[in-house]
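Quick note, the sequences are listed as chains A and B, same order. My numbering applies: residue 1 is where the first sequence begins, and numbers increase by one. My numbering applies: residue 1001 is where the second sequence begins, and numbers increase by one.
Incorrect hints may appear among the rest.
[Unchecked claim] Distance windows between CB atoms, simulated: (1) A:R4 / B:E1115: 24 to 30 Å; (2) B:E1067 / A:T93: 40 to 46 Å; (3) A:E42 / B:K1162: 35 to 41 Å; (4) B:D1050 / A:K75: 17 to 23 Å; (5) B:E1091 / A:K37: 37 to 43 Å; (6) B:N1082 / A:K75: 20 to 26 Å; (7) B:R1065 / A:R264: 23 to 29 Å; (8) A:G16 / B:N1082: 25 to 31 Å; (9) B:S1128 / A:K37: 28 to 34 Å; (10) A:A34 / B:S1064: 43 to 49 Å; (11) B:D1152 / A:C3: 25 to 31 Å.
No lab work stands behind these hints: they were computed from the structure. The beta carbon of each residue, even a glycine, is placed where N, CA and C say it ideally should be.
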Amino acid sequence: MKCREERELLSGYLDGELNDEQRRKVERHLAECASCKKELEELKQLDEYVRTVEIEEPTREFVFSLTRKVMQNVKKKPRFSFFRLTPMLVPITVAILVIIVLANIDQPGKFVSLDDRVIYAETETTKRDLDLHVPELSVTRRTPAEAPKDKRTILAEKKASVAAPPSAPAVAKAKVSEEIGDKREAEGTAVSDAEERMEEISATDVEYVEELEIPRDIVVRAIVDSNGRILKVATGNSIVPEKDTVLENRLQGQQLKPPVIRGRRTQLYVDFTQKKEKKD
Amino acid sequence: MYNTIESDETLIKRVKKGDCDAFCPLVERYKMPLYKVMYRMVYNRDDAEDLVEEAFVKAFRAISRFEIGRPFYAWLCRIAVNNAINYIRKERRVQVQPIETLEYKLVAKKGNPVEMTRQKLLQERIASAMAKLPEDYRTILVLRVEEEFSYDEISKILKIPKGTVMSRLARARQKLKELFKEMGVYQK
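From just these sequences and the hints, can you work out the full model?
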């Protein structure tokens, strides 16, 4: 078996895959070894035999509808591969959907009842950030003509704090301030810009609220629709105030400046609180 | 409908960008060559057809891992061959089906009936011998003898060194020769 090394190379020689040195070595050997020459012929024949086995024709279904079947199969589970490739898209998509749904909650015409528990965070947001116009409660005398000179009681600051999480309806707090030194009996016109603007709006057909007394530390919460009309009123000092029928009867239907958030009219919870007196 | 002159590379780029339908011409283009390879591995039409379908589905799902610039058919063969080897190992058998269509062909030729029978018998013996080969030998023989892939390509398809391709092919041929003798292929 002195041809052993050359025989191992015969297969590679047949396939034309030997390097120059190996090929020359095999060729030199084949010239003088009949046995290896015969072996090479047998290998050639072997390949021929392998190729002679007829391949059965594939079915018509394979020929005509394989592509359709493959594509059906491939499209059947796109979610599987999609999610496997980009697992981060799942939470992102869910978040986007939630935002879309919540963004549509505050559309005009939709009502939020007081029965709905409103849970909101007390995160202070500046007015500028939110482009929020807090509706102002107009409190004047019955006769706007003889409007009081001094700023009367209610509603001064538009220090707006808005519920931060999008999961709660927008909540605006208009702090009702009682200016130090103001006397209720004193008469005068509304001088604050806010009141002036409110009078413009309410001059049409609005009955004004005469006066609204709010005990300290009590929140008066009103639901104001997108047209600025008070729908419901509740009082309390908890996050979810209780319905106050007496106050509601007084305030229901009152017109406020339509609340606007991000240039869009919206329904709001407005909290009125009495401002604490500054300690000198 | 699926005919296109677009190159494999262009089509794959489109598939990668999400155009699933760009995969159709690739299926059309390679289904028959791949069927031949699969048939040589399982010697059974139904199994071969199933394996081709599975291979294309797997290739589609793995297309993001395909490196543009490499030969698509060799890559497809690797997926198909690995899938077929798994299938054969799982089934632990290769069932050689009687080749009916061949019989029809020979009848159609109106050749000598004796020669016809002899040919049919020979082919069945060869197929049986091939089926008896260990699957890694059969695979490498099919890739080389049937598909005429270079050692370099085979080395990439099977992920084995080029030296191993040469030695495994030499051993596979020796083994097949023994099986041919055993099965009486050389008997006239």
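Legend entry - Unsatisfied constraints (hint numbers, rising): Numbers 1, 2, 3, 7, 10 - these are the hints that the structure violates, sorted from lowest upward.
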